[in-house]
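Using UniProt numbering, the letters of the sequence shown correspond one by one to residues 1 to 571.
For the record, the hints were derived by calculation from the structure and aren't laboratory data. Any given hint could turn out to be false.
[What the hints assert, rightly or not] 27 Å max Cα-Cα, derived DSSO-like pairs, lysine-lysine: (1) Lys478 / Lys355; (2) Lys355 / Lys404; (3) Lys194 / Lys204.
Owing to the predicted nature of the structure, the values given are computational and were not obtained by experimental measurement.
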Amino acid sequence: MIHYRLSFQNPLTHFVDIAITIKENQQQELYLQLPAWRPGRYELQQFAQKLRAVTASANGEGITIEKVTKDRWRVQAGDASEVQIRYSFFARQMDAGGSWLDEEQLYLNPINCLMAVEGREQEECQLQLQLPEEWQIACGLPEVEKHTLQAANFDELVDSPFMASDSLKRETFEVSGYTFHVWVQGDCQPDWAKIKQDFFGFTKEQLEVFGDFPVPEYHYLNQILPYRYYHGVEHSRSTVITLGPGELLMSPALYKEFVGVSSHELFHTWNIKKIRPAEMLPYNLAQENYFRTGYVAEGITTYYGDYLLARSGFFTAEAYFEELNTTLQRYFADYSRHNLSVADSSFDLWLDGYKPGIPDRKVSIYIKGALTALLLDLQLRQATSNKASMDVVMQELWERFGKKSIGYSEQDYANLVEEVAGQSFQPYFDKYINGTEPIEPALHEALRYVGCTLAEHQNPLIYEGKYGFKVSSEGSIKVTAIAPGSPASELLSIDDELVALNGRKLENNLQQLLALDPQEMELTFFREKQLRVVRLEANGQSYYSKYTVQKRQDATAEEKENFRLWLKQTF
1 MIHYRLSFQN
11 PLTHFVDIAI
21 TIKENQQQEL
31 YLQLPAWRPG
41 RYELQQFAQK
51 LRAVTASANG
61 EGITIEKVTK
71 DRWRVQAGDA
81 SEVQIRYSFF
91 ARQMDAGGSW
101 LDEEQLYLNP
111 INCLMAVEGR
121 EQEECQLQLQ
131 LPEEWQIACG
141 LPEVEKHTLQ
151 AANFDELVDS
161 PFMASDSLKR
171 ETFEVSGYTF
181 HVWVQGDCQP
191 DWAKIKQDFF
201 GFTKEQLEVF
211 GDFPVPEYHY
221 LNQILPYRYY
231 HGVEHSRSTV
241 ITLGPGELLM
251 SPALYKEFVG
261 VSSHELFHTW
271 NIKKIRPAEM
281 LPYNLAQENY
291 FRTGYVAEGI
301 TTYYGDYLLA
311 RSGFFTAEAY
321 FEELNTTLQR
331 YFADYSRHNL
341 SVADSSFDLW
351 LDGYKPGIPD
361 RKVSIYIKGA
371 LTALLLDLQL
381 RQATSNKASM
391 DVVMQELWER
401 FGKKSIGYSE
411 QDYANLVEEV
421 AGQSFQPYFD
431 KYINGTEPIE
441 PALHEALRYV
451 GCTLAEHQNP
461 LIYEGKYGFK
471 VSSEGSIKVT
481 AIAPGSPASE
491 LLSIDDELVA
501 LNGRKLENNL
511 QQLLALDPQE
521 MELTFFREKQ
531 LRVVRLEANG
541 QSYYSKYTVQ
551 KRQDATAEEK
561 ENFRLWLKQT
571 F
């Protein structure tokens with residue numbers, strides 16, 4: 001067993017002191033590896049930059065420890081049978097994947113700061129926390145004795161975040177024999193009866209998709225913050241959600257986000273924590289784990305997170321369509337969909353997946369992944385006359401791969417879809433997963449099956465829809481994006497600072513001035529500190545169109561029944 005001990009002296013410094021005790025050592029040279037990234041965010045995060053004063057000792061004497069890479073250490077253990085490693089970790093990142101220490105709580109994602117002993121990663125791990133006696137711990141790991149947690153191995157240890165304080169709130173509910181704990185840290189007034197009712201609803205719906213749950217108990221670890229925030233990260237036995245502001249938790253807008261992110265993260269308990277790409281089974285936490293199936297891991301989860309809220313009755317059909325329409329607006333907000341497929345964008349998560357990046361380069365695996373999942377769900381229902389759907393695909397992924405801890409490949413997934421459909425779905429994968437063909441016609445046609453349509457609307461912002469450029473909404477009016485082939489693309493550049501339209505100073509009034517339908521459009525702007533003037537002329541085309549899902553007035557009785565089978569709601 002590997003022993004880890006966490007303590008702190010002054011919480012206002014945010015430094016957590018960590019000691020690792022390695023007993024029964026038989027290696028003259030020991031190697032320690034700190035994770036370089038965390039599952040749920042597929043980019044290198046360089047956690048080692050938050051460590052300070054790494055030392056090693058044996059028999060009460062200091063021994064040599066030296067870095068061999070940015071986050072790997074070599075220890076000259078000699079003949080020592082017990083070695084201790086000490087260092088401090090700066091815990092001051094309050095998001096769902098970070099860690100935080102102050103006078104009120106210790107919140108820790110162990111993957112940020114605990115080193116693995118190479119070659120002994122499969123041994124049991126014990127985590128002893130030196131905390132104030134009255135503090136309580138919220139964690140997916142068992143507390144084997146007061147303030148001591150135990151994990152089966154290193155992966156389970158670092159996949160188990162915890163919150164510890166004397167102000168934790170908790171409510172518990174059960175669904176189909178499984179226990180779910182909802183923990184809250186922070187200043188808020190939760191309506192527990194409503195929360196438990198709504199969480200019960202979507203949990204029951206998710207269990208009906210898969211049939212059973214991967215773990216007997218599950219923990220929602222909620223950091224409710226005094227400022228606006230929204231973030232969630234999945235784990236095998238828990239999720240961490242950071243959300244705020246706390247005083248608005250039960251307001252309709254923020255509560256919808258609270259339930260939505262909770263549903264999304266719960267679905268991940270199956271899809272990515274157990275149903276996992278072959279490239280990530282097991283995780284290699286020391287380097288990139290390249291994979292092309294982010295549209296399955298994140299896209300399908302994004303689709304189901306909201307979709308099951310409609311099936312459980314939390315969303316009306318109209319409210320669900322509002323969520324779909326938001327997804328559509330994000331998808332059509334730029335022209336990246338023409339340049340990089342969702343599969344290639346998944347691979348490139350490790351390059352720039354979480355940054356704005358250069359204009360129109362890559363799509364979001366969450367957004368396009370959700371839309372392609374919606375498309376596939378409806379196409380499967382149509383191909384099988386409602387005998388099969390994405391539910392069947394997910395059930396089979398769970399039974400064949402997740403339950404057996406077998407990683408799936410791209411081809412495994414494609415083969416399974418075709419098996420469920422009873423026909424070839426190669427065009428779907430060629431066009432919309434591995435290609436960049438426009439999804440709009442296929443999505444419009446698929447929505448007709450359930451009595452709906454994909455409607456295109458002119459962008460109400462004239463400078464976007466008519467001239468093809470976007471501007472910043474805060475501070476100076478700068479060009480932030482330009483549609484390829486638009487009138488703006490010939491005359492404007494990113495970061496041009498607009499100062500006047502037809503001689504009138506611009507002060508967040510660009511839309512209003514254009515709404516007067518001027519005969520010409522003369523823009524004055526600064527580019528690289530030089531004043532310039534151009535004349536834009538519309539070419540009759542539309543840019544940055546808006547799309548919405550709507551019910552059709554002429555939907556047939558059969559299509560209305562298809563709609564009911566899809567959403568579990570009457571048309």
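Each hint, compared with the structure:
1. Lys478 / Lys355: Satisfied, since the Cα-Cα distance of roughly 19 Å is no more than 27 Å.
2. Lys355 / Lys404: violated (35 Å)
3. Lys194 / Lys204: Roughly 15 Å between the alpha carbons, so the hint for Lys194 and Lys204 holds.
The earlier numbered hint that this structure contradicts is number 2, and it is the only one.
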